[in-house]
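Colleague: Sequence:
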Amino acid sequence: MNRLQAELRRLYLFGHPTDDGSDAEEVGLVSPEGGVRAMVLELARPADWNALSTVWRGVQADLELPAPAIAISGSDGYQLWFSLLEPVPAVDARRFLESLRLRYLGHIALGRIGIMPAVDTAAVGHIRQARVVPGLRDETGRWSAYVAPDLAAVFSDEPWLDICPSPDAQADVLSRLVSIKAADFQMRLAQLDSAAKTATSDMTSATTDGGVRSGEQGATAEAPSVDSLDPKRFLLDVMGDTSIELHLRIQAAQALLPYFESRPTSGT
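Take 157 as the starting number for the sequence shown in the working numbering and just add one per residue.
Accuracy of the hints is not assured; some may be wrong.
[What the hints assert, rightly or not] When the alpha-carbon atoms are kept at most 20 Å apart in a straight line, the in silico SDA-like pairs for lysine to any residue are as follows:
1) Lys337 <-> Leu219
2) Lys337 <-> Leu221
3) Lys337 <-> Ala223
4) Lys353 <-> Gly262
5) Lys337 <-> Asp204
6) Lys353 <-> Gly191
7) Lys337 <-> Leu169
8) Lys337 <-> Asp248
9) Lys337 <-> Ser239
10) Lys337 <-> Gln216
11) Lys337 <-> Ser231
12) Lys353 <-> Leu258
13) Lys353 <-> Ser255
14) Lys353 <-> Arg257
15) Lys353 <-> Asp248
16) Lys353 <-> Leu261
17) Lys337 <-> Leu261
18) Lys337 <-> Phe170
19) Lys353 <-> Pro222
20) Lys337 <-> Asn158
21) Lys337 <-> Gln347
22) Lys353 <-> Leu185
23) Lys337 <-> Leu348
24) Lys337 <-> Trp212
25) Lys337 <-> Ser255
26) Lys353 <-> Asp218
27) Lys337 <-> Gly262
28) Lys353 <-> Glu254
29) Lys337 <-> Leu185
30) Lys337 <-> Arg213
31) Lys337 <-> Arg251
32) Lys337 <-> Pro245
33) Lys337 <-> Thr354
34) Lys337 <-> Arg165
35) Lys337 <-> Leu241
36) Lys337 <-> Met157
37) Lys337 <-> Gly214
38) Lys353 <-> Lys337
39) Lys337 <-> Val186
The hints are simulated quantities; they were obtained by calculation from the structure and are not laboratory data.
Can you make the complete structure from the sequences, with help from the hints?
Modeller: Right under this line is the structure:
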């Protein structure tokens, strides 16, 4: 095992015994029980370090968590690789990253953001993870790599390397990183969940107030009913109501995403 392999194992990877009974191990980002230690947030199409750096700085300054690794994807984006000291269920990892997205990247189009791990609801227990970095991207012929924070902005126009990065240089970048402790992760996840609930409550209150104002002004549009038993219908109504402030409509659109992500795909 070289230095780079050791650092990847320390931060992200699991070793699984192979099926042939030998002493060899199959290395991956998901444990046999479905746990993960790597959480990856990507911003692409185009790569925008100025925007993603708000997450990198925010988790340190606002949440007092260790800095994630910064990676260039080998194609068209930047990635933040968060390391967990102990594995967590993929749904918890995804919930954490979704909360970060809402907190720091809520103004970014959803199509530009990638979150891994992804849980495939059409196949229970199937977890899709990010591609291990560094690695050759077959579709581009270029390499992904970890980069130092002071060099991240240099790759805004070309977030890739044309040649394989030095394993020792990659190990040096990773050696400075620290994993998030289990207690700290659970504490911050609860904190982010609480903040999201508060934002939803504020959105509902503002929606109700907006409906009252619209009625007082004789507007023809009616505010969505907060008493609706169908949360999806309520969010759709909020998103389509032009009398509601734009940032609240954007939050409603973001909250709708899980309803559409969870649709089983045909033929699977």
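Colleague: Is the hinted pair Lys337 and Leu219 satisfied, with a Cα-Cα distance of at most 20 Å?
Modeller: 13 Å, holds
Colleague: Starting from Lys337, check that the Cα of Arg165 is at most 20 Å away, please.
Modeller: Satisfied, since the Cα-Cα distance of roughly 16 Å is no more than 20 Å.
Colleague: For Lys353 and Gly191, compute the direct alpha-carbon distance and say whether it is at most 20 Å.
Modeller: 26 Å, violated
Colleague: Lys353 and Asp248 were given as a pair; does the straight-line alpha-carbon distance stay at or below 20 Å?
Modeller: 16 Å, holds
Colleague: Taking 20 Å as the top limit, are the C-alpha atoms of Lys353 and Gly262 close enough?
Modeller: 15 Å, holds
Colleague: Lys337 and Gly214 were given as a pair; does the straight-line alpha-carbon distance stay at or below 20 Å?
Modeller: Given pair Lys337, Gly214 holds - Cα atoms ~18 Å apart, limit 20 Å.
Colleague: Does Lys337 pair with Met157 here, judged by a C-alpha cut-off of 20 Å?
Modeller: 25 Å, violated
Colleague: Sort out whether Asp248 lies within 20 Å of Lys337, counting only the CA atoms.
Modeller: At roughly 14 Å apart (the allowed maximum being 20 Å), Asp248 and Lys337 satisfy the hint.
Colleague: When you check the alpha-carbon spacing of Lys337 and Thr354, does it fall within 20 Å?
Modeller: At roughly 26 Å apart (the allowed maximum being 20 Å), Thr354 and Lys337 break the hint.
Colleague: Compare the distance between the alpha carbons of Lys337 and Pro245 with 20 Å, and conclude whether the hinted pair is satisfied.
Modeller: 15 Å, holds
Colleague: Below or equal to 20 Å on CA atoms is what counts here, so check Lys337 against Leu261.
Modeller: 24 Å, violated
Colleague: Are the Cα positions of Lys353 and Leu261 separated by 20 Å at most?
Modeller: This hinted pair holds, its Cα atoms lying about 17 Å apart.
The structure fails to meet hints 5, 6, 11, 17, 19, 20, 22, 27, 33, 36, 38 from the earlier list, while all remaining hints are met.
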